[in-house]
Every structure is written in C-alpha cells, then in structure tokens.
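Engineer: The primary structure of each chain is shown beneath.
Number of protein chains: 2
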Amino acid sequence: MLITSADNPKVKLWEKLKQKKYRDEARLFLVEEKHLIEEALKANKVETLIIRDSLTNPFEMDAIKVSDNVMKKISNNTSLNDYIAVCNFLDVQEIKGNSFIVLENVQDPGNVGTIIRTAYSFGYDAVYLNESCASIYNHKTIQATQGALFHIPLIIKDTGESIEYLRSNSVRIIGTSLNTNNYLSKSNKYEKFALVYGNEGQGLTSETQMQCDEVVKIEMKNFDSLNVAIAMAISSYYYKF
Amino acid sequence: MLITSADNPKVKLWEKLKQKKYRDEARLFLVEEKHLIEEALKANKVETLIIRDSLTNPFEMDAIKVSDNVMKKISNNTSLNDYIAVCNFLDVQEIKGNSFIVLENVQDPGNVGTIIRTAYSFGYDAVYLNESCASIYNHKTIQATQGALFHIPLIIKDTGESIEYLRSNSVRIIGTSLNTNNYLSKSNKYEKFALVYGNEGQGLTSETQMQCDEVVKIEMKNFDSLNVAIAMAISSYYYKF
Numbered sequence: 233m234l235i236t237s238a239d240n241p242k243v244k245l246w247e248k249l250k251q252k253k254y255r256d257e258a259r260l261f262l263v264e265e266k267h268l269i270e271e272a273l274k275a276n277k278v279e280t281l282i283i284r285d286s287l288t289n290p291f292e293m294d295a296i297k298v299s300d301n302v303m304k305k306i307s308n309n310t311s312l313n314d315y316i317a318v319c320n321f322l323d324v325q326e327i328k329g330n331s332f333i334v335l336e337n338v339q340d341p342g343n344v345g346t347i348i349r350t351a352y353s354f355g356y357d358a359v360y361l362n363e364s365c366a367s368i369y370n371h372k373t374i375q376a377t378q379g380a381l382f383h384i385p386l387i388i389k390d391t392g393e394s395i396e397y398l399r400s401n402s403v404r405i406i407g408t409s410l411n412t413n414n415y416l417s418k419s420n421k422y423e424k425f426a427l428v429y430g431n432e433g434q435g436l437t438s439e440t441q442m443q444c445d446e447v448v449k450i451e452m453k454n455f456d457s458l459n460v461a462i463a464m465a466i467s468s469y470y471y472k473f
Numbered sequence: 233m234l235i236t237s238a239d240n241p242k243v244k245l246w247e248k249l250k251q252k253k254y255r256d257e258a259r260l261f262l263v264e265e266k267h268l269i270e271e272a273l274k275a276n277k278v279e280t281l282i283i284r285d286s287l288t289n290p291f292e293m294d295a296i297k298v299s300d301n302v303m304k305k306i307s308n309n310t311s312l313n314d315y316i317a318v319c320n321f322l323d324v325q326e327i328k329g330n331s332f333i334v335l336e337n338v339q340d341p342g343n344v345g346t347i348i349r350t351a352y353s354f355g356y357d358a359v360y361l362n363e364s365c366a367s368i369y370n371h372k373t374i375q376a377t378q379g380a381l382f383h384i385p386l387i388i389k390d391t392g393e394s395i396e397y398l399r400s401n402s403v404r405i406i407g408t409s410l411n412t413n414n415y416l417s418k419s420n421k422y423e424k425f426a427l428v429y430g431n432e433g434q435g436l437t438s439e440t441q442m443q444c445d446e447v448v449k450i451e452m453k454n455f456d457s458l459n460v461a462i463a464m465a466i467s468s469y470y471y472k473f
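Chains as they are written, first to last, in my numbering: chain U, 233 to 473; chain L, 233 to 473.
Next up, chain U with everything else stripped away, as it sits in the complex:
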C-alpha cells in the first residue's frame, strides 16, 4: 500500500496524533525513530508501521509506504523521518513491587522522559505521574525515555491517591525538598519505598509534602539548584544500591 496524498483520511488522523486531545481520543501515539520503533515492536505496541516509499522495510512487520510529502506532514521532526510507528496506548494495571517513583507536576517532557529512562535502568517497579505532568506520549518525552516507556509500568493518577495506595501496601513514602536538614547521604534505606518529586520551579506541593513519611534534601555546596531529573537520579541510585 502506498499513500501519496496528504489529504488521505489516514494521513489526517496520523497528523492529528501530534496533539494530546486526539491521542487521548484515538488512544494512539507516534514513535519516530528506528531504535525506538524496535522497542515498541518488542513490546508488541505497534498498530501501523509507516515507511518512506524509497526505502526497504527493515522491520519484521508489514508497513504502509508513503511519499516524502506525507512523511513530512505526519512527523514532529523538521528533518525527514524514514519511519514512523503508530502505537497503541500503554495499558497498565496497578502492580505490586518494592520500589516506585512518583511525579507531581513535572512539566518538561525531557525531564519526564529522562526520569522514566533512569527508573527503568535502576529496576524501579513503576512510575506514577499525575495529570499535570508532561504527557508520556509527547514525542520529546518518548525520545528522552530511549524506549524505556515500553518496559516499565507508567500509571497516570492523582498524586494523593497514588501515595495512599502505596502506603496501604506498606511502602515508605520519601519526598524531596530544599527545606529540610535531613540529608540524603545520612538517611535510612528501606526495602519498600517510593520517591516523590515535584515541579521544576515549585517543588512538591505542601499538601504532598505533608503526606510523606519523610522528606530528604540532596547535599549541595553552592547554589541550591538541581534539575529534577538530576535530583531523581541521585536519590533513586542512593536508595537502590
């Protein structure tokens, strides 16, 4: 099958998937790089594979071929993509486990994606995100995960509810904040724990801080300024290894 018209109804649908509203409606999202598409295929998440007309298909799945003008129209990149996969939304049930990441209002897709990648690399069991976090289906988030989003459960849920659920499973809730003298490198480690991170500018809401069993601070020498993905990496490593 070859599509050359940008007015083709399929093309119009795919193009709309750049917007959250239409992704949520269709429960589909776009994945735009070869190695990320390979991760999506491993996870059995690809609904439709789209490749440029001039290329041979390197994947073990049938593809729809499209002309370059169509490929440009669908893509989020300014340079011309060779492949795009239309993927099904990730369905996850609440899972059991020992270690969790909870994100509240983390708004930069690069940060959300990097945190998902780090969480998966360190063997965390799930990442909870509230609705105000950057979308896990944003192309910048997907890119930053390096494919990890296909392999670790991602649960979209109000932060308060996530914490309550975790606590009811005997999970220690550990928040991060600049306003404490409880330093990370001196803090106790637990078998079952969740680490909670807040917005890039504001940090955790006071409501969420009050729900934590403990709040820790990462030691710093000069200005008190760490990117949230950096803070997450340091503390998630500390508690795990």
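Don't read these hints as lab results, they were simulated from the structure.
It cannot be assumed that every hint is accurate.
A pair holds if it fits inside one copy or across any two, identical chains being indistinguishable in the list.
Taking lysine-lysine and the DSSO-like style, the derived pairs with C-alpha atoms no more than 27 angstroms apart in a straight line are [said to hold, decoys possible]:
id	residue 1	residue 2
1	K328	K277
2	K472	K418
3	K274	K242
4	K304	K277
5	K453	K328
6	K252	K372
7	K277	K453
8	K453	K274
9	K266	K253
10	K297	K372
11	K453	K472
12	K266	K372
13	K389	K453
14	K421	K449
15	K424	K389
16	K305	K242
17	K266	K453
18	K424	K453
19	K449	K472
20	K372	K253
21	K252	K389
22	K250	K372
23	K453	K372
24	K453	K418
25	K449	K418
None of these values were measured; they are calculated from a predicted model.
Chain L: place on chain U using the hints.
Structural biologist: Relative to the frame of chain U, chain L by itself:
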C-alpha cells in the same frame, strides 16, 4: 539610545553572535533571560544590555532600547524576548583545587549545561571541556546551566592535556564506562580527584580510558542506558558526599 532598524550595524553584529564562528571572533555571546542576565551582571560580564523599547529597565546598568522587530532578529527564542545581554567571553586561568569534571566529546548543549550546573551546585572546582563538546556559549547550554557558567571556571582544552595537567597535580583520574566490573558504590573516595565523561553514544575514547587511573561503572538493573548528565550527577554526588 533607541534602535529601530534591523539594518543597524550593531544589530547585525548581535544577530551574528548566534553563530559560534562570530562569537569566537568577537569574543562575545548572548544571554537571553532575566535571571540569567542577573547572574551575568553579578559576574561583571555584561558588555551591552538591550531591552524592549516599551519596558523600563529593571537592571542596574544602562541599556540600549530596541524596537520589537530588532529584538526578534537578535533573539534565539521564537517568542519575543524582553531583555538580551551581550556578554564578554569568560576568561579563566588554570586553577588549583581538589575536585574536577572533565568532558570529552559531550555533544548535546543541554547535557553540557546541566553538567556545569550540577558541578557548581556540588562545589567542584572547574569543568574541563575539549573542543568537540557543545559550546559553552550556545544558548541552550547557557539556559541549562541556569547561570552556573558565570560562577565556575570552564576550561577549553584537549582532554589528554587536561588529564596530564591534573595528574601532575596529584589528582586521581576516574573514568566512567559500561565495560568494567568496578562498581561505583564500592569504589574508594579520594581527596583530590577528577571525573571523566565521554560522548552520549560512544562513551570515552579508548585513548582517554587508558589514561585513567581507574574506570568505574554505575550499577544498573535493566538496560545499560543512562543519560551522560545523569551518570555525571550520580557519580559526582557519590565522590563528594
């Protein structure tokens, strides 16, 4: 002074500063956000301050006013800037100290900037970068430093030479790699040390690895994949605290 013509020679110079070639020639670079400009002022690095005609000057330095079309022309942002500072290049002499970061071929400006921010927050004494790293004067680098670049010495130098210089000052040289069983959380700490990080895709060159006194690996459970700014954050925290 008010400039309204995009053909004004000053405007043409400022616009050229978006390109590395012209920055290196003029030894000037642009800083585009209010809080970053404040850091540049504290460091006494602002050569010319430019503000939109319609605004009052919030800084304690005289400014040139420009019309919106001129501001748009100079800026790297798609949205209209309120202020831009033209800054002098950072001059640094080789300094003494106890803890250093060395970057070889780290190409993403966001990564270079984040690493500079983290290094400053943790009290490292300098960051060495080779010529193949993303420019410290790239606007994305500057943004990611959150102003830290004005406060920590940044030394542009061949990686081999940086390591030789540091070693001659009794600094332990510690590289990072995926190909070792020497795990970070088990490794010894030193009073004087430098941490060396390589390219996002390739890691350290084998030449540089051979120059290290020791190579460590950050423990991971699932896929061996951490962003370089994340790897730097974890290990620079470990050795410091």
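Engineer: The structure should be examined with respect to each hint, and the outcome stated for every one.
Structural biologist: Now the hints, each set against the structure:
For a Cα distance limit of 27 angstroms, the shortest separation of K328 from K277 inside one copy, 23 angstroms, qualifies, whereas the shortest one across copies, 54 angstroms, does not. Within a single copy, K472 and K418 get their C-alpha atoms as close as 14 angstroms, and across copies as close as 13 angstroms, so both meet the 27 angstroms cut-off. Taking the closest pair of Cα atoms, K274 and K242 come within 27 angstroms of each other only inside a single copy of the chain (24 angstroms); across copies the shortest separation is 55 angstroms, beyond that limit. In this assembly of identical chains, the alpha carbons of K304 and K277 lie at most 27 angstroms apart only when taken from the same copy (23 angstroms versus 43 angstroms across copies).
Taking CA atoms no more than 27 angstroms apart as the test, K453 paired with K328 passes between copies only; the shortest distance there is 18 angstroms, against 38 angstroms inside one copy. Taking the shortest Cα distances, K252 and K372 sit within 27 angstroms of each other both inside one copy (13 angstroms) and across copies (26 angstroms). Taking the shortest alpha-carbon separations for K277 and K453, only the inter-copy value of 23 angstroms comes in at or below 27 angstroms, while the best intra-copy value is 45 angstroms. Within a single copy, K453 and K274 get their C-alpha atoms only as close as 44 angstroms, which misses the 27 angstroms cut-off; across copies the closest is 19 angstroms, which meets it.
For a Cα distance limit of 27 angstroms, the shortest separation of K266 from K253 inside one copy, 26 angstroms, qualifies, whereas the shortest one across copies, 33 angstroms, does not. In the homo-oligomer, the alpha carbons of K297 and K372 lie at most 27 angstroms apart inside one protomer (25 angstroms), although the nearest pairing across protomers, at 36 angstroms, exceeds that limit. With identical chains, the CA atoms of K453 and K472 are at most 27 angstroms apart both within one copy (24 angstroms) and between copies (10 angstroms). Taking CA atoms no more than 27 angstroms apart as the test, K266 paired with K372 passes in both settings, with 15 angstroms inside one copy and 26 angstroms between copies.
Taking the shortest alpha-carbon separations for K389 and K453, only the inter-copy value of 26 angstroms comes in at or below 27 angstroms, while the best intra-copy value is 35 angstroms. Within a single copy, K421 and K449 get their C-alpha atoms as close as 14 angstroms, and across copies as close as 22 angstroms, so both meet the 27 angstroms cut-off. Taking CA atoms no more than 27 angstroms apart as the test, K424 paired with K389 passes inside one copy only; the shortest distance there is 20 angstroms, against 46 angstroms between copies. Taking the shortest alpha-carbon separations for K305 and K242, only the intra-copy value of 12 angstroms comes in at or below 27 angstroms, while the best inter-copy value is 39 angstroms.
For a Cα distance limit of 27 angstroms, the shortest separation of K266 from K453 across copies, 24 angstroms, qualifies, whereas the shortest one inside one copy, 42 angstroms, does not. In this homomeric assembly, K424 and K453 come within 27 angstroms of each other (Cα to Cα) only across copies, at 17 angstroms, whereas the closest approach inside a single copy is 30 angstroms. Taking CA atoms no more than 27 angstroms apart as the test, K449 paired with K472 passes in both settings, with 17 angstroms inside one copy and 15 angstroms between copies. Proximity of K372 and K253 under a CA criterion of 27 angstroms is satisfied intra-copy only: 17 angstroms inside one chain copy versus 29 angstroms between copies.
For the homomeric pair K252 and K389, the shortest alpha-carbon distance inside one copy (17 angstroms) is at most 27 angstroms, but the shortest distance between copies (45 angstroms) is not. For a Cα distance limit of 27 angstroms, the shortest separation of K250 from K372 qualifies both inside one copy, at 11 angstroms, and across copies, at 24 angstroms. In this assembly of identical chains, the alpha carbons of K453 and K372 lie at most 27 angstroms apart only when taken from different copies (24 angstroms versus 32 angstroms within one copy). Taking the closest pair of Cα atoms, K453 and K418 come within 27 angstroms of each other both inside a single copy (16 angstroms) and across two copies (24 angstroms).
Taking the shortest Cα distances, K449 and K418 sit within 27 angstroms of each other both inside one copy (10 angstroms) and across copies (23 angstroms).
Consistency note: the structure conflicts with none of the earlier hints.
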